[in-house]
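Just so you know, we're using our numbering here: the sequence shown kicks off at 1 and counts up by one.
What the hints contain is simulated information worked out from the structure, not anything from laboratory work. There may be inaccurate statements among the hints.
Said to hold, decoys possible - Quick list of in silico lysine to aspartate or glutamate cross-link-like pairs, EDC-like style, CA-CA up to 20 Å:
hint : residue 1 : residue 2
1    : Lys221    : Glu280
2    : Lys288    : Glu333
3    : Lys250    : Glu183
4    : Lys221    : Asp157
5    : Lys250    : Asp329
6    : Lys339    : Glu190
7    : Lys221    : Glu190
8    : Lys221    : Glu247
9    : Lys120    : Glu41
10   : Lys120    : Glu101
11   : Lys356    : Glu253
12   : Lys356    : Asp329
13   : Lys120    : Asp35
14   : Lys120    : Glu39
15   : Lys288    : Glu253
16   : Lys339    : Glu253
17   : Lys221    : Asp163
18   : Lys40     : Glu101
19   : Lys288    : Asp329
20   : Lys221    : Glu253
21   : Lys339    : Glu193
Quick caveat, the model's predicted, so the values are computed rather than measured.
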Amino acid sequence: MKICRFLIPLMGLLLLAGCGLHTGGIGPGHAIWVDGPVEKETYVNTSVSITVHSNYELSEVFIQYNLLSSSAVPLATVPMHQVGSTIFEGVTVWVPTLPGEYNLRAYSADSVVSGARYLKVLPQPTPSSHSTPTAKSLPMTADTAIPTSAPPTILPDIQFSADAYTLTAGECTFLRWSTVFVESAYLNGERVELMHSRQVCPVASSTYTLRGESRVGSIEKSLTIYVSPPEVPPPSPPDTQGPSITEITKSAESIFDNTSCGLASNTISASVTDVSGVSEVVLWFRAKNSSSATPGEWRSLTMSNTGGTTYQAALGISQLASSLSFYADGIVEFYIIAKDSAGNFTQSGVRTFTTKMCLI
1 MKICRFLIPL
11 MGLLLLAGCG
21 LHTGGIGPGH
31 AIWVDGPVEK
41 ETYVNTSVSI
51 TVHSNYELSE
61 VFIQYNLLSS
71 SAVPLATVPM
81 HQVGSTIFEG
91 VTVWVPTLPG
101 EYNLRAYSAD
111 SVVSGARYLK
121 VLPQPTPSSH
131 STPTAKSLPM
141 TADTAIPTSA
151 PPTILPDIQF
161 SADAYTLTAG
171 ECTFLRWSTV
181 FVESAYLNGE
191 RVELMHSRQV
201 CPVASSTYTL
211 RGESRVGSIE
221 KSLTIYVSPP
231 EVPPPSPPDT
241 QGPSITEITK
251 SAESIFDNTS
261 CGLASNTISA
271 SVTDVSGVSE
281 VVLWFRAKNS
291 SSATPGEWRS
301 LTMSNTGGTT
311 YQAALGISQL
321 ASSLSFYADG
331 IVEFYIIAKD
341 SAGNFTQSGV
351 RTFTTKMCLI
């Protein structure tokens, strides 16, 4: 902390980041963190992959490094892209040229600073003494080539993932990718942007391959989305039950055989339901005269659906006379038979109402 107290504020934000402070201006919960490099030690002139994540939307972050007890030095500006519902990611590569102990940090334009990521950079190891040629064993001549160290080769790298790797037929997911030191990228042979995403809705298990190409070589990564068939509901058991007949009512307890004396018709109603559907509802009836021992004939009348589950039919003078010419005074017996779409039948119990002779 003494260093922070006496350093000249050359770059205010970098100084704060170097001291490990979190500046204000952002709502609670916003954070940036450095997940890579994974290794704790590396060598000079060796590529190091730096991975940064944030839990809120950022278009880019800035990477800085500093040797311990030294001021921070800007390293790179890294684009960020969304890899989860609230997670954003950026990747870059750094090639340290000086040995030492480093702290790596990321920070945003809105002054959110990550914690430090420690990395120790070692000098390149020297060849063992027994294998090193000496002046005696390898005399220098005009034709002897002086070996020089080749510059480090930076290889391309890609990150390739999916939001979901297991789907049910009809579902979709997103493929997401980013690249480092890649000049062109191809998804299943189709040229795509270097950092992008794509929604896929495979109908069967499918493998997707992302290939990145650069001047020094190419790299490929593949992933498979597994698709399972949709669940098929079990078939319904066969319908072996007849319709349900309930709420049987009549509009009158007694009617006349002539409208001159009053009501001469009776409306019969019932509620009929069935899981397979109701195909037919029939009202059966017969008239019986109190002074005659011989009842009338059974007659039938198809009941009409008047809405919902309600079925109705009216028994008047003509219907009752078709059963028995002189039906009053007496009673009328009736019952209902309902048939469903599967061919099942249900018969209700017998009900009655009375008839009266009109003496006018």
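Hint by hint, which ones does this structure get wrong, listed from lowest number up? The structure conflicts with hints 1, 3, 6, 8, 16, 20, 21, although it agrees with all the remaining ones.
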